[in-house]
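Protein chains in written order, with my numbering: chain A, 1 to 227; chain B, 228 to 629.
The hints are simulated quantities; they were obtained by calculation from the structure and are not laboratory data.
Keep in mind the model is a prediction, meaning the values are calculated, not measured.
Treat the hints with care, as some may be off.
Unchecked claim - To be clear about the criterion: a stretch of chain A counts as covered by chain B if any three or more of its residues have a C-beta under 8 Å from a C-beta of chain B, and this derived list gives those stretches:
1) 54-64
2) 67-80
3) 91-100
All C-beta atoms in this analysis are idealised placements derived from N, C-alpha and C, irrespective of residue type, glycine included.
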Amino acid sequence: MALIRADGLSKGYRSGDSLVRALDGVSLDVPQGAFVVLAGRSGSGKTTLLNMLGGLDRPDSGSLVVAGHDVLRMSRDERAAFRLHHLGFVFQAYNLIRVLTARENVAYVLQLRGMEKRQRLALADRWLAEVGLQGFEHRRPDQMSGGQQQRVAVARALAASPDLVLADEPTANLDSHTGANLIALMRHLNEQQGITFVTASHDPSVIAAARTLVTMQDGKIVDLREG
Amino acid sequence: MFALAWRNVLRNLRRSLITVAAVALGLTSLVFLWGFNDGVHNTMMRNLQEVIVGSLQIHRQGYFRHPRLVDTLPEPERVTGQLHQLGVERLSYRLRTFALAAGADTSEGLVLLGMHPAMEQRVTRLAGKVDQGRFLRDNQEAACVLGKTTARNLGLRLGDEVVILTEDRFGSLAAEKLRLVGIISSGEMGIDRGLAMVPLGFMQRMLGMEGAVSEIAVQLTRERLEPVTVALRTSLDAGYEVLRWYDMYPMMKQWVELENAFYYIFLSIVLLIVAAGIMNTVLMSMLERIHEFGVMMALGCSRRYLAGMVLTESMLLGMTGVVLGTSAGLLLVHYFHAAGIDLSGQMASVARFYVNPVVHTEINTDHLLHTVLSVLLASAAAAIWPAVRAARLEPVEAIHHV
Numbered sequence: 001m002a003l004i005r006a007d008g009l010s011k012g013y014r015s016g017d018s019l020v021r022a023l024d025g026v027s028l029d030v031p032q033g034a035f036v037v038l039a040g041r042s043g044s045g046k047t048t049l050l051n052m053l054g055g056l057d058r059p060d061s062g063s064l065v066v067a068g069h070d071v072l073r074m075s076r077d078e079r080a081a082f083r084l085h086h087l088g089f090v091f092q093a094y095n096l097i098r099v100l101t102a103r104e105n106v107a108y109v110l111q112l113r114g115m116e117k118r119q120r121l122a123l124a125d126r127w128l129a130e131v132g133l134q135g136f137e138h139r140r141p142d143q144m145s146g147g148q149q150q151r152v153a154v155a156r157a158l159a160a161s162p163d164l165v166l167a168d169e170p171t172a173n174l175d176s177h178t179g180a181n182l183i184a185l186m187r188h189l190n191e192q193q194g195i196t197f198v199t200a201s202h203d204p205s206v207i208a209a210a211r212t213l214v215t216m217q218d219g220k221i222v223d224l225r226e227g
Numbered sequence: 228m229f230a231l232a233w234r235n236v237l238r239n240l241r242r243s244l245i246t247v248a249a250v251a252l253g254l255t256s257l258v259f260l261w262g263f264n265d266g267v268h269n270t271m272m273r274n275l276q277e278v279i280v281g282s283l284q285i286h287r288q289g290y291f292r293h294p295r296l297v298d299t300l301p302e303p304e305r306v307t308g309q310l311h312q313l314g315v316e317r318l319s320y321r322l323r324t325f326a327l328a329a330g331a332d333t334s335e336g337l338v339l340l341g342m343h344p345a346m347e348q349r350v351t352r353l354a355g356k357v358d359q360g361r362f363l364r365d366n367q368e369a370a371c372v373l374g375k376t377t378a379r380n381l382g383l384r385l386g387d388e389v390v391i392l393t394e395d396r397f398g399s400l401a402a403e404k405l406r407l408v409g410i411i412s413s414g415e416m417g418i419d420r421g422l423a424m425v426p427l428g429f430m431q432r433m434l435g436m437e438g439a440v441s442e443i444a445v446q447l448t449r450e451r452l453e454p455v456t457v458a459l460r461t462s463l464d465a466g467y468e469v470l471r472w473y474d475m476y477p478m479m480k481q482w483v484e485l486e487n488a489f490y491y492i493f494l495s496i497v498l499l500i501v502a503a504g505i506m507n508t509v510l511m512s513m514l515e516r517i518h519e520f521g522v523m524m525a526l527g528c529s530r531r532y533l534a535g536m537v538l539t540e541s542m543l544l545g546m547t548g549v550v551l552g553t554s555a556g557l558l559l560v561h562y563f564h565a566a567g568i569d570l571s572g573q574m575a576s577v578a579r580f581y582v583n584p585v586v587h588t589e590i591n592t593d594h595l596l597h598t599v600l601s602v603l604l605a606s607a608a609a610a611i612w613p614a615v616r617a618a619r620l621e622p623v624e625a626i627h628h629v
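Put together the whole structure using the sequences plus the hints.
Printed below as a string of structure tokens:
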């Protein structure tokens, strides 16, 4: 059974007098354990699709089922709870909470889930070690490099054992070496632990790592290749 | 949430410190002003009770409105027994009538108040107000104590004879010659002029009213006044009236309440300023973090959680200000309670209102609680708008907010 089943998703934005179609009838099935890369130029609709898969944005039409939940029928609060329990996010600009340490950032989602403090901090430490940041637990975001911050973001996305990790241009702010390491880490987690990744990127190293490559243009899927 | 909110408060330390300082300063001023206000009011009320009136008085029903010599208190020993059962020991028997006092060349109408010297000194501070001579000593002695103004009007000096003319219980003329043993200077017009104090036993004998009293004056702590009044009104029958000091002299209580109402208006104005300061800080802080709120929403934070965090930040600012402001205010109140604020230059003529020219600050618990809770409520109210704005953010727009 598909982890994601999107059917005919469309979304338009009004820009002045004209209507811009950010998504135009996108249908996509993503099985459990996939490593999908959404490729395409800026404005092709990758981020809009990613936002919809994460329940952050709503389409004008279409249907979307993620992990067995009809996302479009949910209220705002239900979607927040859905994200908390089923999804992990990795953002282009890391987006760690500035006042929290690395370990607290990772443990934050677990705290929102109501996990007991000692347990969540232990789990956070384990995931920081998993992404190669042992010894960085007590550093704040401004005391770490971009690559380290993005690794913390990956650990945060994975610590709560989500069904699906959505990553939006995760390597865009990293140098090529750090970016390649990050993608290798994501692939490793995908292969070893079966975590499903959907990543929007136009970075060639990310595209090269795709097991399923979805190419988008003008809000449509124009190519879909299994790697 | 608390730890995160606390760190968010510390994020812009200078701004938070300014806000906390404003709250603390406002609260310090309020607590000190309440301290001054309550100091003046409580002293007034205590003076009224302790100088002459007592906390409560027990009379025959209707006596206070229409005092007549013959309307004496029925079975005073029974009432005393009831008071003892309630644990009340500070009580005094008094007999009251109107009389004419004559000096060497002139005479003056006044209230003749018979009081048991020993009992009276347990209830009021009249003895301490004697300026010249002494207070009444022997319950049977032919002696009197006059107010300073009356003594001057009658041209009397300490040791002079005073002739008292009045009616006895049968309406016959009664006259006695007494020795002026003390002159009181209380500053209060009703005592310094128009009052002659004589021993109760002597007065009872003079009027042919042995054992009779017009009133029992009782001194109580503020906390005990209401329960004792209720208990007495329940246990005594309709032949008695039990009147608290403010039942007899309501104007002072009304004046105090009026002034307190003014302070509450002042408190409201300060609260508005405090709330505006906190709201400015919390709103600025919220607007600076819209992007972060978007990320938190993406991670699964509910709208209620975000609103709660903004509210917590506001409450933390308010509570820190409250702790500092209350502490500083109470320190000031404590210091000036002991040291006093000497306003004798400005308040020379207020003694007639039972006000002491040296004000010793003190604060009533209810006023302190109202003030502290109001500031905390204002802190919470100040966060409502920023909290609602945070809760209404759209995740996608918030994440892309720069």
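Comparing the hints with the structure gives:
no. : hint   : in the structure
1   : 54-64  : holds (count 3)
2   : 67-80  : holds (count 3)
3   : 91-100 : holds (count 6)
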